[in-house]
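J.: For the record, the sequence lines run as chains A and B.
Take any residue in the first sequence, note its place counting from 1, add 17, and you have its number in this note's numbering.
Take any residue in the second sequence, note its place counting from 1, add 406, and you have its number in this note's numbering.
Incorrect hints may have been included.
With a straight-line cut-off of 20 Å between C-alpha atoms, the simulated EDC-like cross-links for lysine to aspartate or glutamate are [stated by the list, open to error]: (1) A:Lys188 x B:Glu548; (2) B:Lys527 x A:Glu41; (3) B:Lys527 x A:Glu95; (4) A:Lys219 x A:Glu156; (5) A:Lys188 x A:Glu152; (6) B:Lys527 x A:Glu156; (7) A:Lys188 x B:Asp611; (8) A:Lys188 x B:Glu659; (9) B:Lys527 x A:Asp90; (10) A:Lys219 x A:Asp197; (11) B:Lys527 x B:Glu516; (12) A:Lys188 x B:Glu516; (13) B:Lys452 x B:Asp471; (14) A:Lys207 x B:Asp537; (15) A:Lys188 x A:Glu202; (16) A:Lys207 x B:Asp590; (17) B:Lys527 x B:Asp556; (18) A:Lys207 x A:Asp242.
Because the hints were derived from the structure by calculation, they are not lab data.
The structure presented is a predicted model; accordingly, all values stated were derived computationally and were not measured.
Okay, here's what each chain looks like letter by letter:
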Amino acid sequence: MNLTICLLMARRFVEREQIRELVEGYHGLSDQAFERTFERDKDDLRAMGVPVETGSNSPLFPDEVGYRIRRRDFELPEIDFTPAELAALGVASTVWDDARLGGQATAALAKLRASGLDPDADRVATFAPTVGAREPAFETLWQATLAGQPVAFTYRGLARVVEPWRLVNRKGAWYLIGLDRTRGEGRSYKVSRIEDAPRLAKGEVTPPDPAVVEEHVRSLTARRDTIATIAVRDGAAPDLVRFARPVGPDPEPNPDADPAAPPPPGFTAWRLRVASDPTDAAGDIAWYGADVVVLDPPELAAAVRAHLEAVAAWR
Amino acid sequence: MAMTSSSQVPRLLALVPYLQAHPDADLEATASVFDVTPRQLVADLKVLWFCGLPGGAPGDLIEVDMDALESGTIRLTNAEFLARPHRFTPEEAMSLVVALAALEEMADAELGPAVRSARAKLEGAVGGGTDKVAIAVSAGQESIRGQLADAIAAGVAVRLTYHGASRGVATTPVVDPARLGTRDGYGYLTAWAHERAGWRTYRLDRIVAVDPLEQATTDHGPAPALASGWLDDRPDAVEVTLDLRPGGRWITEYHPLVATEELPDGLLRVRMRVADPGWFRRLLLRLGPAVARVDPPQAAASAIEAAREALGGDR
């Protein structure tokens, strides 16, 4: 603490022996103990992100090494938050359901308060979401991703070294997207499926092509490229129909085309995007049982029928 | 310096400017801002007493009014050299940026713009790299969340139009709305359901309409917190065992399970608690051919019947 204040107050680089005289905590230490304590304190400060600079005051004697902390590099810059923005930040500091991340958010908010900005969180607390990080591997991946450092872990039985690109939360689960160095390709990993405690590894992260990262993010959600026509029992499957368009009479009917099968009585026809893989889509539609009938495409209708026949054959 | 621990120094560096921005701060309130006990805060203040300008002469050290502290008020002087907090560490800044991203998806039209601009200013202050973590929450429509927040603030009951997953049809429960929250990437409303005379949770993306009623809510005691896994410890839940082929392994990612066990031939045995028979029928319909065995067998009866009905109606 006193070392920080000492270096922060200095306009010039402070030499090692001067620091030993000036900082109360270093008095009475043997040469060896002082060296050890000073090095440790300096490393601790740098680990906290305090910019301890090394340099010399004299161009003639560049070997006389001294230390300083530039005030403008140290201090939190003025950020002009409105009261509404501060309220949002106040709520944001409460959303982590994780001790480490929650502690970091609390510390960040305390710094804002220390700069004289006091949020009034109560007004918007109704909206507070909860962000969990229950996966045991999460903390190390979070550190590695932010620090831009490779990380080693076992996934699907294989030891890997991964350059982390992005951590993504989908439906409450965390995924790591990164370059698998062992395989030389970008991959995504479900964090809950990592099989051991990840370790930070040596080396650097080569900045990825943003388009490649986006492609991996998109692949975390299933593709829905097939347009299906389905008949839904009136009033049933509202959660499916919400994402569908009603099928109206064709304004320019093609006389050569086979007329589409009409929906059964009491059913209405809808158009809907479904998973491109008919096997995946069949399960999604079988969920609704007799309330949904596939009219088109025929492959999907067949896949749903096969799917339901498997269930009907159970004893 | 030797007296301070590594987590204490960052706190002290924020505490000194905080106490200057908040003259005569309350001990308890300050402790809660820094998420420490009042006892720890007093220990911090005693360390600060030994901190100050290099040299260690009495007039150079930070002064803490110990008499005021006895009565719970913190008065700190002679610390003008440390008037602003240290910058955010990358992890602190990101903990807030990610939290704001989650909050943005829960916010209504009034709060949303402030959340977005707060995030933009924070990202601007930290410089790049804030796209390294991303989060998505399914929280339905902004207008629905706004109407619910208004009803909670005004203390009035509402009629929901709700497209639940298990019923297959829309319901219109009358509820006393209590709280919005998130769990596993989905936004939820916790509300007292009049008809069922109990607390229920409603997924926000399945609420399609909110009609405020001219009826004040009544006090039902504190709303229960959103559990991390649904169906947990429901007294009326029954345990069911499924043997799954590889195509059904996805359920381990989506449903809380009591236990899983690898069987020969690539089968996975899962034990799960089932509280809602309608939901379980649909789950079996969705899994279809991926299910090799259901135990007890009668748990599958309703799904088999539904599949036969669907196949019959399809002919």
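J.: Now tell me if each hint is right for this structure.
T.: Now for the hints, and whether the structure bears them out:
1. A:Lys188 x B:Glu548: holds (18 Å)
2. B:Lys527 x A:Glu41: Measuring from Cα to Cα gives roughly 40 Å; hence the hint is violated.
3. B:Lys527 x A:Glu95: With a Cα-Cα distance of about 11 Å, the restraint between lysine 527 (chain B) and glutamate 95 (chain A) holds, given a limit of 20 Å.
4. A:Lys219 x A:Glu156: Holds: lysine 219 (chain A) and glutamate 156 (chain A) sit about 18 Å apart, inside 20 Å.
5. A:Lys188 x A:Glu152: This hinted pair holds, its Cα atoms lying about 14 Å apart.
6. B:Lys527 x A:Glu156: violated (26 Å)
7. A:Lys188 x B:Asp611: holds (13 Å)
8. A:Lys188 x B:Glu659: Satisfied, since the Cα-Cα distance of roughly 10 Å is no more than 20 Å.
9. B:Lys527 x A:Asp90: Cα-Cα ~18 Å, so holds.
10. A:Lys219 x A:Asp197: holds (14 Å)
11. B:Lys527 x B:Glu516: Roughly 18 Å between the alpha carbons, so the hint for lysine 527 (chain B) and glutamate 516 (chain B) holds.
12. A:Lys188 x B:Glu516: violated (25 Å)
13. B:Lys452 x B:Asp471: holds (11 Å)
14. A:Lys207 x B:Asp537: holds (19 Å)
15. A:Lys188 x A:Glu202: violated (25 Å)
16. A:Lys207 x B:Asp590: Given that 20 Å is the threshold and the Cα spacing comes to 14 Å, the pair holds.
17. B:Lys527 x B:Asp556: Distance of about 28 Å is beyond 20 Å: violated.
18. A:Lys207 x A:Asp242: violated (24 Å)
The earlier numbered hints that this structure contradicts are 2, 6, 12, 15, 17 and 18.
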